[in-house]
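> Sequence:
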Amino acid sequence: MFSQTDEKFMRMALEAARQGIAAGQTPFGACIVREGRVLACAHNVVWQQTDITAHGEINTIRLACRAAGTVDLSGCVIYSTTEPCPMCFSAIHWARIARIVFGASIADAQKAGFHELTISNELMKKEGGSEVAVEGGCLKEECVPLFAEWRAAGKSKVY
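In terms of the working numbering, the sequence shown has 83 at position 83, counting the first letter as 1, and numbering is strictly consecutive.
It is worth saying that the hints were derived from the structure and are not from the lab.
All the given hints hold, so there is nothing to weed out.
Straight-line Cα separation of at most 16 Å, EDC-like style, residue types lysine to aspartate or glutamate; simulated pairs:
no.	residue 1	residue 2
1	Lys-140	Glu-7
2	Lys-8	Glu-142
3	Lys-125	Glu-135
4	Lys-140	Asp-108
5	Lys-111	Glu-149
6	Lys-140	Glu-15
7	Lys-157	Glu-116
8	Lys-157	Asp-51
9	Lys-8	Glu-141
10	Lys-140	Asp-6
Input sequences plus hints: build the corresponding full structure.
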């Protein structure tokens with residue numbers, strides 16, 4: 001289902017998440033790619049910036065927009081270690097990102113203690129009429145353990 005290219009970029013998102021864990025942040029990372037070229041990779045910095053909106057996907061979108069010189073990220077793919085929350089899904093939609101590829105599910109984040117809304121990307125896509133393609137489960141077996149790595153780091157705080 002997922003190509004080697006998808007796995008390559010998801011591993012970059014995984015590395016971003018691990019950088020976040022090492023910095024005392026939560027275990028979420030993302031990477032945005034256009035035509036095989038990485039525009040940005042970032043992790044969650046909610047606690048560092050005392051900003052509840054500083055999710056990995058949002059930070060990556062901000063960086064990708066700056067790199068591209070536009071707010072229109074048409075043709076891009078975002079790789080996210082966890083299924084984007086409704087806020088992040090909305091930003092992805094508004095940026096016109098073509099495809100979301102994620103690893104762990106919203107339910108996996110809830111199991112780790114995060115205060116997630118239980119609305120899936122597929123349902124948001126359907127109900128909102130979004131054209132973004134949504135594909136979940138990419139390297140899930142590597143993404144889900146990020147929650148345990150985060151807990152083991154001893155700096156874990158949920159929000």
